[in-house]
Amino acid sequence: MDTSSFESFPDLPTELRLQIWEEACHEACREREANHPGIQYTIVRESSPTRIILAHQPVHLDGKARSGTMREGGLWLASEESRDVIREHCSNGPGGERKVLAGDGWSYHVNPGRDIFCIQDPEKIKHDDVHSALDICIWASPRTNEFHNIKNIAIEFDPSWIKWLPRTYKNMSAESTPRGFLARLLRSQYMNDNRQTTVWLIDNDMKWARRPSSYYGTAPMPDYNKRFINCHENYVEVYPSNTCHYCSGKRSLAIRIFLSSLNVRGEHFETQHPNFVPSYDDYIAGYWEAAFEIAEGIRVLALACNEVKFCRKDHRQDRSTWRRCVFGQQLFNSIMAEPVLVPGEGADPSEGVQEFHAFSKLPPELRIKIWKMACLPRTSTDHGIDYVFVNRVRESEETEDYVTWDPNLEGYNEEFDVESDETAYVTLRALKRERPEPRVLASGYLYDAGLWAACKESRGVITEYLQIEGWETLRESGLRDMSPGWYDKPDFPSTVKPSTKDETWRPIVAPRQDIFCIPDTRRMMQSLPKSLYSMKLLAPFMGTRRFTIVEDWNIALKFRHTWNTKFPNDIESMKQEKTPRGLLANWFERFHDEILPEPTLYVIDDTGSWVEPPFLMRGPVYRDCDNEYVEVPWSASCNGTDINTSGAAGRFMNLMEGLLKEDSSDDLEDMDSIYEWQPEVRDKMKLLVRKENKIMRVSESVGETD
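The sequence shown begins at 69 in this note's numbering and counts up by one.
Just so you know, the hints here were simulated from the structure itself, not pulled from any lab data. Don't take each hint at face value.
[Unchecked claim] With a cut-off of at most 30 Å between alpha-carbon atoms, the simulated BS3-like pairs for lysine-lysine come out as follows:
| # | residue 1 | residue 2 |
| --- | --- | --- |
| 1 | Lys-500 | Lys-275 |
| 2 | Lys-646 | Lys-729 |
| 3 | Lys-557 | Lys-643 |
| 4 | Lys-500 | Lys-440 |
| 5 | Lys-729 | Lys-754 |
| 6 | Lys-429 | Lys-500 |
| 7 | Lys-500 | Lys-626 |
| 8 | Lys-604 | Lys-643 |
| 9 | Lys-524 | Lys-598 |
| 10 | Lys-275 | Lys-231 |
| 11 | Lys-524 | Lys-634 |
| 12 | Lys-377 | Lys-500 |
| 13 | Lys-524 | Lys-643 |
| 14 | Lys-598 | Lys-557 |
| 15 | Lys-626 | Lys-729 |
| 16 | Lys-440 | Lys-524 |
| 17 | Lys-598 | Lys-754 |
| 18 | Lys-231 | Lys-192 |
| 19 | Lys-634 | Lys-557 |
| 20 | Lys-440 | Lys-557 |
| 21 | Lys-429 | Lys-604 |
| 22 | Lys-275 | Lys-377 |
| 23 | Lys-759 | Lys-500 |
| 24 | Lys-429 | Lys-440 |
| 25 | Lys-646 | Lys-524 |
| 26 | Lys-598 | Lys-646 |
| 27 | Lys-626 | Lys-646 |
| 28 | Lys-429 | Lys-524 |
| 29 | Lys-500 | Lys-524 |
| 30 | Lys-192 | Lys-219 |
| 31 | Lys-598 | Lys-626 |
| 32 | Lys-557 | Lys-604 |
| 33 | Lys-634 | Lys-437 |
| 34 | Lys-626 | Lys-759 |
| 35 | Lys-377 | Lys-294 |
| 36 | Lys-294 | Lys-275 |
| 37 | Lys-294 | Lys-557 |
| 38 | Lys-646 | Lys-440 |
| 39 | Lys-634 | Lys-762 |
| 40 | Lys-729 | Lys-598 |
Model the full assembly from the supplied sequences, consistent with the hints where possible.
This is how it looks when you write it as structure tokens:
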């Protein structure tokens, strides 16, 4: 039987040859038409303090063809006929964006504005060329010395970068290594406001997952349908933060670890920028507030074939131990190290003095008793008042709520969560400590702050007093046997982020029991949300990354006599004010909705007098660092010693009550009298007064005298 023979390619009909050439270049040209950028590999041709010049190197240094231009390389070399076909199908594109680079035997078509140019030998760019990041070009032709500015440069990530990391950013920048060049490049871009060049890292081994709402930077959200092509592979832009700590190997986490280390070492560059101006967010950044990250603009490419399913498994039981929170540092080893000499009672100071033993030489039982007496009382009837700044959490523009997706969130059940268009979250930050006397805003957490800094013995006492180990055990047991967790307890301990100068110590608070008073600074009033739906508190457990959402927390504002001046004629006018009373008017609307966990509003009157009503049920005592407060009815507010006249705080409530009554009278069909309205307002806005400002009734004074 005769075997069939194939005609030689040159003997084929012209139409058939052209069809074969077109089919050969169809895939490459289709990718170009679909706007899939190419990945082109380059080497450093010239490096100077003002310019980096790259030369196109289609064949990788390892000898393999990897550049995106090599997908069509054979068509440029085959024949004149094939070159005509590839020229026809791969034009310069709209607006002449595609540029032709001269090569050995054929021309490379690249797009300097869209393609990514991977530098294979970045270590050749010297340490002194710190400003060269401003002008990165690719060498186009050896005959004309033509250059094209490029917009995207890349470096292939090596997991060895996380080994032997220098302790400072400066030391890393001094390295003649790829990571050293990257450090210099990022610093140069930030200091010179260069936003024209995008920096990419290419990770060929990382396993990645897609989760559109988990990126918190300024780079755009990735399009997973957009492919970046080299000669053989397809890449996609990914987020290293989507990689699961438990399911992924150390190799997949390497780039995430490196970027985090780079950000930590580059934090100080924020204030070194020539145009740096401290802003409100720089001084009052919340616990989840995005800090300055020098590597924020870095974008990551990974192989499309390395995609894995996003991990939704609960790995909380995989943790072997709970990492202890570090509270402060030891500032001194003992208190009153030297004996104190004071005159004895009834003695002449010139004759002799009475000697007290140094505190460190007292019996341990006595020292421990003294430490315990110094702790802030925390019982069912003793709570704290803490003065804090409130920071709004910046959310993604995507529909998904990244807070509820956070793997560190505990105690959240989406079935019982009622979402609103105004749903948002806040965090708390402590005020700076006030040194001069008298202190105006001294928080309750300052009451025993010195115990964390005094010595090891004092820290042991306050740790035992707050039952830290018991809370640790509760959290661990809750993970094992599914018993009620720490987040279900009304007195669970949390921390607020300290002010910048107090970073060694984290104030401890009880989010559901303490009252958080917000200073009425101008910036604070302008930044606070006008809806309580936007005031869901993110409360961390102790000093860990674990947190829960607290809706039923206590919010307070300090009353001022100016609240009663120039009182608006209607509630809508009051809502437009950027004042504490304007906020209260806006927040009150939240209480008209369904029966849901909601914050309790307090007004703290520091100067007003009050009289104890008959049959008053004694409630908790609230303490800041210097004073004690109690909750009383608004009717208990009085004008000085005149117990029959309402005080300033009481008059404010009467005025506001009248406005709210007029505003809602048209909507409340069942309201027959004012008495159906008053309890609602006075129940949602409560009054705190200083315990020492109590005025005694005449009958009480006579009884005490007798």
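Evaluated hints:
| no. | hint | in the structure |
| --- | --- | --- |
| 1 | Lys-500 <-> Lys-275 | violated, 44 Å |
| 2 | Lys-646 <-> Lys-729 | holds, 22 Å |
| 3 | Lys-557 <-> Lys-643 | violated, 35 Å |
| 4 | Lys-500 <-> Lys-440 | holds, 26 Å |
| 5 | Lys-729 <-> Lys-754 | holds, 18 Å |
| 6 | Lys-429 <-> Lys-500 | violated, 34 Å |
| 7 | Lys-500 <-> Lys-626 | holds, 18 Å |
| 8 | Lys-604 <-> Lys-643 | holds, 21 Å |
| 9 | Lys-524 <-> Lys-598 | violated, 45 Å |
| 10 | Lys-275 <-> Lys-231 | holds, 20 Å |
| 11 | Lys-524 <-> Lys-634 | violated, 55 Å |
| 12 | Lys-377 <-> Lys-500 | violated, 45 Å |
| 13 | Lys-524 <-> Lys-643 | violated, 51 Å |
| 14 | Lys-598 <-> Lys-557 | holds, 29 Å |
| 15 | Lys-626 <-> Lys-729 | holds, 24 Å |
| 16 | Lys-440 <-> Lys-524 | holds, 14 Å |
| 17 | Lys-598 <-> Lys-754 | holds, 19 Å |
| 18 | Lys-231 <-> Lys-192 | holds, 21 Å |
| 19 | Lys-634 <-> Lys-557 | violated, 44 Å |
| 20 | Lys-440 <-> Lys-557 | holds, 24 Å |
| 21 | Lys-429 <-> Lys-604 | violated, 49 Å |
| 22 | Lys-275 <-> Lys-377 | holds, 10 Å |
| 23 | Lys-759 <-> Lys-500 | holds, 26 Å |
| 24 | Lys-429 <-> Lys-440 | holds, 18 Å |
| 25 | Lys-646 <-> Lys-524 | violated, 47 Å |
| 26 | Lys-598 <-> Lys-646 | holds, 10 Å |
| 27 | Lys-626 <-> Lys-646 | holds, 15 Å |
| 28 | Lys-429 <-> Lys-524 | holds, 15 Å |
| 29 | Lys-500 <-> Lys-524 | holds, 25 Å |
| 30 | Lys-192 <-> Lys-219 | holds, 20 Å |
| 31 | Lys-598 <-> Lys-626 | holds, 18 Å |
| 32 | Lys-557 <-> Lys-604 | holds, 17 Å |
| 33 | Lys-634 <-> Lys-437 | violated, 53 Å |
| 34 | Lys-626 <-> Lys-759 | holds, 16 Å |
| 35 | Lys-377 <-> Lys-294 | holds, 19 Å |
| 36 | Lys-294 <-> Lys-275 | holds, 18 Å |
| 37 | Lys-294 <-> Lys-557 | violated, 48 Å |
| 38 | Lys-646 <-> Lys-440 | violated, 43 Å |
| 39 | Lys-634 <-> Lys-762 | holds, 29 Å |
| 40 | Lys-729 <-> Lys-598 | holds, 20 Å |
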